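Assembly of the complex is requested from the two constituent chains, each provided in isolation within its own frame, with the hints serving as guidance.
Protein chains in written order, with my numbering: chain A, 1 to 344; chain B, 1 to 108.
With a Cα cut of at most 30 Å, we get these calculated DSSO-like pairs of lysine-lysine: (1) A:218 / B:33; (2) A:38 / B:33; (3) A:147 / A:218.
Reference listing, derived: stretches of chain B covered by chain A, where coverage requires no fewer than 3 residues with Cβ under 8 Å from a Cβ of chain A: (4) 14-20; (5) 27-35.
Read the hints as simulated data drawn from the structure, not as lab findings.
It should be emphasised that the depicted structure is a prediction, and the values quoted were computed from it without experimental measurement.
Glycine included, C-beta positions come from ideal geometry on N, C-alpha and C.
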Amino acid sequence: MEAKVPTRMGDGFMVEMTSSELRADIEAATELAAAKAKVPPLSTDEQEHLLDIYASAAAFTAVDIGDQVVLSCDGGGSKMTGTDLQDLLESEQRLGQDILELWHIEYSYKAIKTILPFQQQMMQNVQMMLTAPVQYGAQPNLAFYSKPDGPAENWFELLPRGDIAGARAAIEEAMDHATKDFIYVGEGMLDAGADGMDFDTTGGAGDGDFFSTLCAVKHLRAKYPEAGIEVGMAGEFVIGVHGELEWDGRRLAGLWPKEQLEVCQDAGATIFGPAVNIRTGKSCCWNTAYSITVTKPCMDVARIPVHPNVGEGVGGVPVNGYPPEDAASRAAKAHVDLLRCDGL
Amino acid sequence: MDVTHALAAGMGGMRTAGDLVARMQMSRGMRLKEAKEYVAGRLGCTVRDLSDSYAMEQIRGEKGLGRILDHSNLHPGEPNAMMAKFRIAELLGLHINSVERFKELAGL
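Only chain B is shown next, with the shape it has when bound in the complex (with noise of 0.2 Å):
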């Protein structure tokens, strides 16, 4: 059933820009519209490129946003996990609670 809503209606996540949509959802309740107007205009693109695997796999790769990792898809050098979570806090303005918990626990 994940999968079927994923293919059916999701936004793809970390393949696309779903993951940041999602995140100025939970953390500063925007509605949708809102939410994808807002993350498209901190990456510089348009609306309809968030849920399009092929231009976000490009602007997460500039921008160092972390990218899916598979066997013909490998980036060594270039930020992922945490390290990308540091970026997207400070390209959304966002306050990421793992990020300062990071901070916090690495004494940095």
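Chain A with its partners taken away, still in its complex shape (with noise of 0.2 Å):
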């Protein structure tokens, strides 16, 4: 009888596998993301290293001695470490990141606007007492500015009517007024001394959210030419809750990873972050044939660095609240290892 080994599912539940259960999931996953990204499925070189990961009962597991790659974090500390300045000091004495994040538990551009002067100074101190890099960060989250909670009509509401041109014009007053905050805030940062900016779970709101977003980042990047400007992903594929929007001729609706990969260093991003979301109920084997079946094709066409997310949820680490450390390292090995890519 072939033996098991403990793993995990999607939502963080363990489970036992066989190596041929596992090996099944690989091939179902990476065949699945290539007909639906219309991308090479993993080579069987990269099937077995996957499974060599996964097939393992080892507690932990990482990448080789002089593999390492560069870690950003959108987010990151723990917020419950007395003040900002203590909690990014802790992230950079004790945890050894490469990039720090400062943020706040507000995560959103629109609500930041409000408090820029209060996180311009939390800024100009951190950056003081810090040695490695400090971005800042939130999120594009362009459905705040719909009512009820902004000025632009509820396109949500207006799709299921079927009134597609109120919808759009909707988004379009949206993405005016996020276009300002996001421009807002990342000039107040910058202008505060920051290392970088980053947009965070961009495209989840849409291709508008997303067109709102380059278009921060082609503005920014005009005005601050040595500025960190990090874009990470929402989602395998951006929604086309518009349908019509184009970055230089290219709809944004649709497109899979390498696709938004290339419109993000077009606009000036230096660093792009890759997001595909968990399956619960698969395999975090299976999701991460999966996530890094749709992300390989990044990397031939990367100009800049790419960071896979590798965040809760996303990137074949399981959706759950405290990550186990077998599934998170296991899916930082697997992104590394076959991706070869420049950092999480």
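And the structure:
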């Protein structure tokens, strides 16, 4: 009888699977990802390497010596260590983070606009005390610009009524407000000494969200030539809520990671973070194979560093408040080993 | 999770040269291989030394690039934080935003 090893489902629940079952999951995931994203499946050698990583009972795994990559983060720290400054110092001095991020618990550019001077003062103080680079991060969250939270009509109410033109007009109105806020906060934080800006969970409200972010990235790149600009995505493909938005002639709706990367690097981003959401009913092994398959084409066209998202619920890491270290470390190693990515 | 990723795949930040390689990615958009080779060249070490806390503790100390401080590893009189960033900017040939802001606000 074939031996079983403990492994995880996408929600973090521990199960036991045989090597044959894990292999079958890898094959099924890479074939599905290849068909959906219209990309090549993982090679036989790559699938075998992934199986080696997952068909193990080890509590932890890691990349080989010398293969370590740069870690960026969206958020980061605990927010429970006294102050933002203490929290970031702890992340730098105790966790050895490569890139730190100052952020506010109300993690939207729209909200940060109202407290910008407080965040600027904190950034100035943080920069005096830290050595490692510190970026400022928040989410675009375009939906916050629609009623009842914002001024534009709610396109998620207009669309089910069949008012496509009204919905598109509402999205475009929201995009104008959003882009101004992203630029206002971005300029404010870079003027306060930030090493870079992070647009986290970009595209979470669809193609309008993505387009507004690209506009802000282009503006900030022109004004701050050496600033870091990280664009982290919300999902594996851009949802076409508007459907007609284009960046340099390329329609944003439906873009997969390779094409997302191309528009981000053309706009002026210096780090791109693809995100592939977890399927909780599938094994972590399945999810990692799927994530790597859809992300891999990025590596051939990247002119900038690619940092795949391996946080809670993305990139093969379980969607769980405390992602188990056995699963998170396997996801990290698998992405680094198979993608030869520039960071995580 | 932060600890998991730091141990599983991270360069090590200030414990090593992770912060220096990160700066080249952020400011110049360098891919990992190029960024590591650039930093190693500037430091006069091998690429593998960059994520070796033993090697980098010595190198950072010699060049005044800032080191981790704790009760058994104190370096009074050695540059850290903003002081170290002045040296990092010069070593890497970088414009570090906070260093430039510091000069401006201090009237240097």
